[in-house]
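So the chains spell out like this:
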Amino acid sequence: DAGVIQSPRHEVTEMGQEVTLRCKPISGHNSLFWYRQTMMRGLELLIYFNNNVPIDDSGMPEDRFSAKMPNASFSTLKIQPSEPRDSAVYFCASSFNDGYTFGSGTRLTVV
Amino acid sequence: GDSVTQMEGPVTLSEEAFLTINCTYTATGYPSLFWYVQYPGEGLQLLLKATKADDKGSNKGFEATYRKETTSFHLEKGSVQVSDSAVYFCALGLQGAQKLVFGQGTRLTINP
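For the record, the sequence lines run as chains G and C. Under my numbering, the first residue of the first sequence is numbered 1, with each subsequent residue one higher. Under my numbering, the first residue of the second sequence is numbered 1001, with each subsequent residue one higher.
Simulated from the structure, these hints should not be mistaken for lab results. Please note that the accuracy of each hint is not assured.
[Unchecked claim] Below, a list of computed lysine-lysine pairs in the DSSO-like style, where the Cα atoms sit at most 27 angstroms apart:
| hint | chain 1 | residue 1 | chain 2 | residue 2 |
| --- | --- | --- | --- | --- |
| 1 | C | K1099 | G | K24 |
| 2 | G | K78 | C | K1099 |
| 3 | C | K1056 | C | K1099 |
| 4 | C | K1056 | C | K1068 |
| 5 | C | K1060 | C | K1077 |
| 6 | C | K1099 | C | K1052 |
| 7 | G | K78 | G | K68 |
| 8 | G | K68 | C | K1099 |
| 9 | C | K1099 | C | K1068 |
All chains should be modelled from the sequences, with the hints used to inform the complete structure.
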């Protein structure tokens, strides 16, 4: 198994631009999670899905953030418009019943 | 609410020293407990876990015992190596471990 696959690994964008982060979970996993990691705030859960349905999006910071999971093998996290304070590493993780498997993350820099 | 509190870092040790990273939790019910490790530039990886009281999780020389009476899950290793330098996260699993609550992480540096 290739694990959880995230793309891109690095993204540099200008303030105001739309950014889309992508995640392919492990086949057979039924839960998917998006996290944001910064030095100041640590690891924050943004949203998670179970069987492709959003269960808890209380961690999504603002309406500028949106996430979708159109099928069991793909999810996106979109930021529109992006701001410098969105700069962070964004992780996707998937699970089935017990524990998570994390992707390698997308390092987003908004200038 | 449910939460995890970890020993504040950073922690710096010499190679072959004994390691303890403290972790305590607050939870309703009986959560599963986990330790994750994050090496530089990588995502978090599961290091070990325990699913019920008195269980001991172990992996790569690391151990942690689920102590219900003290609500703790301290991480230990008898002799650390430079390659153990990383950030360590304690976590608890709610709702059948579908959703994890993470501690703030503890950065460990091992000097040769």
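- [ ] Would you check the hint for K78(G) and K68(G), treating anything up to 27 angstroms between C-alpha atoms as holding?
- [x] Given that 27 angstroms is the threshold and the Cα spacing comes to 8 angstroms, the pair holds.
Open item on the list: Please verify whether K1099(C) and K1052(C) have alpha carbons no more than 27 angstroms apart.
Closed with: holds, 17 angstroms
Open item on the list: K68(G) and K1099(C) were given as a pair; does the straight-line alpha-carbon distance stay at or below 27 angstroms?
Closed with: Roughly 18 angstroms separates the two Cα atoms, so the pair holds.
Open item on the list: Hint check: K78(G) vs K1099(C), CA-CA at most 27 angstroms. Holds or violated?
Closed with: holds, 22 angstroms
Task: Agreement of K1060(C) and K1077(C) with the hint, judged by alpha carbon distance not exceeding 27 angstroms - done: holds, 9 angstroms
- [ ] Starting from K1056(C), check that the Cα of K1068(C) is at most 27 angstroms away, please.
- [x] Holds, at about 12 angstroms.
Task: Pairwise hint evaluation, K1068(C) against K1099(C), where the allowed Cα distance is 27 angstroms at most - done: holds, 20 angstroms
- [ ] Decide if the proposed pair is consistent with the structure: K1056(C) and K1099(C), CA atoms, cutoff 27 angstroms inclusive.
- [x] With a Cα-Cα distance of about 21 angstroms, the restraint between K1056(C) and K1099(C) holds, given a limit of 27 angstroms.
Task: Straight-line alpha-carbon gap K1099(C) to K24(G), limit 27 angstroms - done: holds, 18 angstroms
The structure is consistent with each of the numbered hints, conforming to all of them.
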